[in-house]
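Chain A is already provided as a structure; the job is to place chain B on it using the hints.
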Amino acid sequence: MSNNENLLVAPDVLSRVLARGRSTGADFSEVFVEDKRSTSAGLDDGKIEQVSSGRDRGAGIRVVKGDTTGFAHTSDLSEKGLLAAAEAAAAAASRGGGGVNSVALGAVMRHPVNNIEKWPDEVTKREKVALLQRVDAAARGVHKAIVQVSAGYGDSRKRILIANSEGVLAADEQVRTLLRVSVVASGDGGMQTGFQSLGHTIGFEVFDQNDVEELARSAAQQAVTKLSARPAPSGSLPVVIKHGSGGVLFHEACGHGLEADIISKGASVYKDKKGELVASSLVTLIDDGTMTAEWGAIGIDDEGHPSQRNVLIQDGVITDYMWDYLRARNEGRRQSGNGRRQSYQHLPMVRMTNTFVLNGPHDPAAIVRDTKNGVYVAKLGGGQVDTASGDFVFGMTEAYLIENGEITEPLRDGNLIGNGPQVLRDIDLLGNDFAMGNPGTCGKDGQGVPVGDGQPTLRVKSLTIGGTAA
Amino acid sequence: MTIEVPELQAIADRIVRQAKPGEQIEAYVGRGGETSVRVYEGDLEHFVSAQSDGVGIRVIKDGRTGTAYAGTLDATAIAEVLAEARDNVQFGTQDEFAGLATPDGVAVVPQKFWDEELANYATEGKVDLTKDLERRALAADSRVRTESANYDDSWDESAFATTTGIRASGRSNSCYVSVVTLADDGDETQTGFGFSVGDSPKDFDLDKAAREAADRATRLLGATKPATKRTTIVLDPYVTSQFISILSSAFNGENVSKGRSIFAERLGEQVAVPFFTLVDDPTNKLAYTATDIDGEGLAARRNVLIKDGVLQMFVQSSYSARRMKTTSTGNATRGGFAGSPGVGCLAMQVAPGTKSQAELIADIDDGVLIQEVSGLHSGVNPISGDFSTGASGMTIVNGAVGAPIREFTIGSTLQRMLQDIVAIGNDIDWLPMRAVGLSLVINDVTISGS
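So the sequences go chain by chain: A and B.
Heads up: the first sequence begins at 1 in my numbering, then just goes up one per residue.
Heads up: the second sequence begins at 1 in my numbering, then just goes up one per residue.
With the rest of the complex left out, here is chain A (with noise of 0.2 Å):
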């Protein structure tokens, strides 16, 4: 069992924790064990404020008897302490019965999807926090309307190990790297702000592949570039949005109301609609937890199934939801590897790791030149849906004028709302010149997961934009 060196507990102990999970008459049991180093350093005011580091390290035991599901956590690794969690997991999702199982466990399953060059924990904590000071000059050196300047630095280097009473053994060695920047411009109408990041699922090489400085002043130039920023329109409008930076639309418009747990509720838009039309047919919309290096990539999900590459929508038509291992269960299907989790506080459930759109045929300048009024955005910030009624809004952080086929004057910040379904269909071009977009960590139920988007550049024909012009 050479395979099984450098596990976070002994396959042995695993085995009999599990048993115990099932010592009241459980179908299922699961151990999810993480240990979790991480720094963090953070620059503000031209001042390295402070350099932090943290370690976060537990187990997380599930108990399934029917529908219900016992859940309790520890931080004491020992049998001792697993032992007792899968008690108190056991009898939670109990009310009497009784069994005695015992569980046999295979080999080690891993399925790394990244190859990582420089582990950040190798990394000394000097030149993390050198990076932040580039940032923080090449932002200040942008223009003199520049007045103040944030930037954040964050990795972490996460083991985990999950076991069930299926025999599923997985481990997976989980690396981020993340690079943020805020910058603060004040002219004579008042302040805006720029912000920019950057985050993978490798490690330090990150930032060798892409240029710190150039990220910072982007952040830099959309703050001045906004000092002159106009009110946004108000009412609905042809919305252009730039490749790379819309992929949060298709995350909020359809990928939440995708999940089977919602499905599954009846409280998605998009219940029953699986082989239905509901976008243009330009729409191919795909979830990949095995895109290297993207922030959403992972080796295996937090139920220990390997990430894979589902797609959702083809052509317009939804080909499938997102799944993970209870709902699969009940459906008497195969998981998609997206069950997911926060932590090893936290139950698992149907998340997105890397949600994108495919390539479309149109010329991205010809999307531009195409539309005579409208909005171009450039920059978009979260979002936010009701999965049921399939309303959604999402911020833009750096937006333009579309005036008789030109970008004109940028806008200031505001939200667009739209329907999930009517959104998807009135999506009229698509361009070919896909790209991921920037990291983003997405909340549902309480928990956040790291997630990643990616689009071409569209045209929606019809937004509503909550600007404050006629």
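Just so you know, the hints here were simulated from the structure itself, not pulled from any lab data.
Note that the coordinates shown come from a computational prediction; the quantities given were computed from them, not determined experimentally.
Hints may contain errors.
Stated by the list, open to error - Restraint-style ranges between C-beta atoms, simulated for each label pair:
(1) A:Asp445 with B:Thr289: 16 to 26 Å
(2) B:Asp429 with A:Gly266: 47 to 57 Å
(3) B:Glu117 with A:Gly446: 22 to 32 Å
(4) B:Gln18 with A:Glu117: 31 to 41 Å
(5) A:Asp445 with B:Leu221: 17 to 27 Å
(6) B:Ser245 with A:Asp445: 17 to 27 Å
(7) B:Lys20 with A:Gly446: 32 to 42 Å
(8) B:Ala139 with A:Asn404: 52 to 62 Å
(9) B:Asp128 with A:Gly46: 40 to 50 Å
(10) A:Asp67 with B:Ala358: 35 to 45 Å
(11) B:Gln18 with A:Asp445: 33 to 43 Å
The C-beta atom is built at its ideal place from N, Cα and C for all residues, glycine as well.
Structure of chain B alone, referenced to chain A:
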């Protein structure tokens, strides 16, 4: 923190005693637990019972700061955390304002944060009342289904110690129930929710939570998209609470000193209408976020932020206060053992007016009642003041509530909205948020729709 926790205090004290000459150390030790019950269609969907603990250490030497935390109270791990925090110090930039808080003599206002009845409440009872809540929501309206009914409680113990002589420990617990509903009409489905909070389950108003959840889901059935226009809006208490919370960052002394507040340079100026008064008062036990000490261990206190429309002050931690050459206002914030202190308002309250929501609406010929907003994190920029959120609610026609509307935005700027307030309701609702709720009437807001 009226109940002390000697065991955790001893751990915090032990860490601080290890300070070397010239070193300031702050230790925060925490332990907590939670119960989470979810019921769906009459059955228990999940039951979570969990405990966690951890320690966070901040070390300051020669004006440089380093921090570290670990999610365990294991003695070896604590030693590693202290070593890591010390190691991190060398990478900080020297900052003349860096440092821990020092005792300021302000007396702590004692409050009760621990409920023995909740601590001893039987598990079966928690499951039963969650099932009861789901049944009541279903009974409230035949068009209503549920997505989940939930009971959640948590308890927390923490201890705090510094080399500057601040020591405090305490224990708190709390609980709430919530229900998420769906209402169907043909192809259309709308969502609602209701909740109730209390010191213990005996305080829950299950009927109110169920009724509100059913109302929220059903009232939007058949809603249409309104036309774009400028109009008067009435913010429901639940929406006002979210709106006021956004203002917190503008009062934050650290943001002010770093040029990130719309209120910088405006002390003593009329920033809101003359009948608008806003206080931050965590000593008021009615506030959901009431606390007795702040994130640096100083006494929490009542601060008047805006009086009769005039900006009175900014809120400060010891660090932001040193930057601004003033003293802490007891407004350090902290997100548990893993977080470092920041600055913020703790429990914001708008002084109420005299009219009920119905009376406020009766004064409006043409307007919109805003009952929910979305995308506050993506469409509001507290630094520029730009304000744009998704919204849903009801039209107001000739002094009465009319038809439901959805899929539109409301837009203005934070600066203008404070000057465009025309009336404040008397309908105070102590919601589980950072700011109290009440109805607020604002003029000249852009509704963006079709």
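Here is how each hint holds up against the structure:
About 22 Å separates the C-beta atoms of A:Asp445 and B:Thr289, a value consistent with the hinted range of 16 to 26 Å. Distance hint check: the CB atoms of B:Asp429 and A:Gly266 are about 31 Å apart, inconsistent with the given range 47 to 57 Å. Between B:Glu117 and A:Gly446, the C-beta spacing of about 26 Å keeps the proposed range 22 to 32 Å intact. A C-beta distance of roughly 38 Å is found between B:Gln18 and A:Glu117, which places it inside the suggested range of 31 to 41 Å.
At about 25 Å, the CB distance of A:Asp445 to B:Leu221 agrees with the hint of 17 to 27 Å. The supplied range of 17 to 27 Å is met by B:Ser245 and A:Asp445, whose beta-carbon atoms lie about 21 Å from each other. For B:Lys20 paired with A:Gly446, a C-beta distance near 41 Å keeps the hint of 32 to 42 Å intact. Checking the proposed 52 to 62 Å range against B:Ala139 and A:Asn404 shows it holds: the Cβ atoms sit about 59 Å from each other.
Between B:Asp128 and A:Gly46 the Cβ separation comes to about 58 Å, which falls outside the hinted range of 40 to 50 Å. Here the CB-CB span from A:Asp67 to B:Ala358 is close to 44 Å, well matched to the stated 35 to 45 Å. For the pair B:Gln18 and A:Asp445, the beta carbons lie near 41 Å from each other, so the given range of 33 to 43 Å is met.
Hint violations for this structure: numbers 2 and 9, all remaining hints satisfied.
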